[in-house]
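A.B. asks: Throughout, this note's numbering is defined as the position within the sequence shown, counted from one, plus 1.
Treat the hints loosely; a few may be bogus.
[Stated by the list, open to error] Calculated cross-link-like contacts (lysine-lysine; reagent style DSS-like; alpha-carbon spacing at most 30 Å):
1) K268 - K253
2) K573 - K238
3) K352 - K390
4) K390 - K355
5) K268 - K91
6) K573 - K303
7) K286 - K390
8) K238 - K134
9) K284 - K253
10) K134 - K352
11) K390 - K253
[To be verified] Pairwise CB distance ranges, derived in the manner of DEER restraints:
12) A549 - D512: 41 to 51 Å
13) L307 - P360: 20 to 30 Å
14) N33 - E457: 49 to 59 Å
15) V141 - E362: 41 to 51 Å
16) K268 - V141: 37 to 47 Å
17) R288 - G136: 24 to 34 Å
18) A404 - E457: 38 to 48 Å
19) R288 - V141: 22 to 32 Å
20) E96 - Q161: 23 to 33 Å
21) S249 - P437: 43 to 53 Å
22) V257 - P448: 42 to 52 Å
23) R407 - E433: 18 to 28 Å
24) P360 - L519: 20 to 30 Å
25) D351 - N33: 39 to 49 Å
What the hints contain is simulated information worked out from the structure, not anything from laboratory work.
The beta-carbon is built from N, C-alpha and C at its ideal position, and this holds for glycine as well.
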Amino acid sequence: MRKPDSRAIRLIGVLAASTLAAGLVVGCSSKNQVPSIGYAVDATIASYNGGSTLGASTGSTAVFSRVVTGFYYTGPDGQQVADTDFGTAKEVPGEVQTIQYRLNPDGVYSDGVPTACDDLVLAWAARSGRFTKPGDRGQVPLFDAASIAGYADIERVDCQPGSRDATVVFRPGRHYSAWRNLFTAGELMPAHVAARVANVPNVVSALQTGDPGGLGRISDFWNTGWNFAGGNLDLTKFPSSGPYRIESFSDKDGLVLVANERWWGNKPATGRIMVWPKNIDLKSKVRDSAAGVVDVGTGSVKDLNLDGFQVRNVAGRGVEQLVLATGGVFGSVDMRRALALCVPRQALFDKLGKVPDAPKEGLGSGPLNAHIVQQDSLYYPSVIGAAGKFNGGDVGGATQAVAASRANNPTVRIGYLRPDDRRAQTVAMITEACKPAGINIVDAGAPDFTPSQLTEGKVDAVLGSTASAPGPAGSLSGVAATSALRGSSGINFGRFGNGRYDSITDQLAADDNSTTQLNLLTEAENLLWAELPSIPLFASPRTIAFGAGLQNGIAAPNQAGSGWNMDRWVLKR
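Let the hints inform the model, and build the full structure from the sequences given.
C.D. replies: Take a look at the structure:
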């Protein structure tokens, strides 16, 4: 979603969150500090690599942003915040956009290897879209990158292997205004590990020489070498550049993070964080008083008892939506329109998407009527005209659209990651609303569901948040929301392709003129409501709870999750 244009909105969000944090400190000083804190979050732990399609679509940033650090991280209101512990980034004046990056001279990975500009080179190579290989239908990317936004605009990264300094030079005529979203926490991976496994001297030289064998091995490792698969991790491949490092992981017990002894910044306030992702029985963790912080979709965990917690139910930066295939039953835009006409968007918001004390306008004020523009953006009221016909319940219009699609007794399989009571209810309401139009809805939610099943044709729609993520998602910059519908993005699971939309996103990223932005956003929304690669429902409601005695907890209903500052958490009981 495109970012709001009011600094006041950001300030109010931070102050509100800070007020909650301040309230949690009172009365705790006389109690003993607990040595470990449980963090229950409805992300999934599938990849260490937040820049990969798998990492971005499963919410790795919500888990690893204080393990894999970068020049910026996502703050509590979804804004980009400079992390000067890691290094500094400065835009250099000149005709060609140039960013000077300087890593902290004290920076060192938990395995003892100093941080280096090689990491930036690897990130750029993986996400630039430049490196390809032959595929069934022509050239395909070597790297399974979630998005190439911004990185594709970079001409080169000047870096001497092992150096602390890098100069990033953009292509002539291109200016990427959201450059602070590049080389960020959760996405800047250890290049020395990739080089070691790929058996190349270093990533920089491999790219400079263009050795296809070396590049192939580097990309193979970048794509899958940092994935989690049932435990038994080779921890030498998972070094940390942040205040925490991985101690262990298993599907049964979750992730254990411990203080990184080599971290050069402020020591973590608590030495151990137990992370329990969506597949763990979060209800039992809360019942047994094991969880100190809970960050889940509102209503997703049935009968979750948070008595004794300080609880906030807030509208998040992520967008609850249906992401549709553009083949199979939805190969016809008429069939996509049929579903959009019968999906009861207003009723879904009223029952499942509306948080207590919902504002009259802005984020969470009603059904979301835009695909890439956030509700608290100044542009929002001007770009939503095309959404008016899709409030839901138009059985007659949906029936006509089904007939126009020539689909015979169409069946739509909606996939999502179980368990999730709210999404199960969402599918049930859509089933009831669309049945009179002749559309058969199948609940295809599963404990092992991944958004890639949409690309593989195993489902016809994904019910999830921004970029099809199961849990925390979204940011002020809205890069993931825009990229999720762009033809070249890994997170474009429905494989929507529209050259004009791609061109619009390129222009939006480079031109800050408000009139230009308004015209482009209006055109984009009109196009997306006409083509319907996705159906936005509402701002994803988040339930964020801090246990009694938890200090420094600050709610963050965005892609970073409330673990964005876990190294400052203190629990006293």
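A.B. asks: Determine for every hint whether it applies to the structure shown.
C.D. replies: Hints, one by one, checked against the model:
1. K268 - K253: Satisfied, since the Cα-Cα distance of roughly 29 Å is no more than 30 Å.
2. K573 - K238: 34 Å, violated
3. K352 - K390: 20 Å, holds
4. K390 - K355: At roughly 21 Å apart (the allowed maximum being 30 Å), K355 and K390 satisfy the hint.
5. K268 - K91: Holds. K268 to K91 sits at ~26 Å (cutoff 30 Å).
6. K573 - K303: Holds, because 28 Å separates the two Cα atoms, which is no more than 30 Å.
7. K286 - K390: Violated, at roughly 44 Å.
8. K238 - K134: It holds: about 25 Å lies between the C-alpha atoms, which stays within 30 Å.
9. K284 - K253: 15 Å, holds
10. K134 - K352: Between K134 and K352 the Cα gap is close to 48 Å, so the pair fails against 30 Å, i.e. violated.
11. K390 - K253: Outside the cut-off at roughly 46 Å; violated.
12. A549 - D512: 41 to 51 Å: 49 Å, holds
13. L307 - P360: 20 to 30 Å: The hinted range 20 to 30 Å holds for L307 and P360, with Cβ atoms some 23 Å apart.
14. N33 - E457: 49 to 59 Å: Hint holds: Cβ distance 51 Å, inside 49 to 59 Å.
15. V141 - E362: 41 to 51 Å: Once the Cβ atoms are compared, 44 Å apart, the range 41 to 51 Å for E362 and V141 holds.
16. K268 - V141: 37 to 47 Å: This hint holds: roughly 45 Å between Cβ atoms.
17. R288 - G136: 24 to 34 Å: Since R288 and G136 have Cβ atoms about 49 Å apart, the given range 24 to 34 Å is violated.
18. A404 - E457: 38 to 48 Å: 29 Å, violated
19. R288 - V141: 22 to 32 Å: 48 Å, violated
20. E96 - Q161: 23 to 33 Å: 25 Å, holds
21. S249 - P437: 43 to 53 Å: 52 Å, holds
22. V257 - P448: 42 to 52 Å: Violated, since V257 and P448 (Cβ atoms, about 22 Å apart) do not stay within the stated range.
23. R407 - E433: 18 to 28 Å: 25 Å, holds
24. P360 - L519: 20 to 30 Å: 23 Å, holds
25. D351 - N33: 39 to 49 Å: 45 Å, holds
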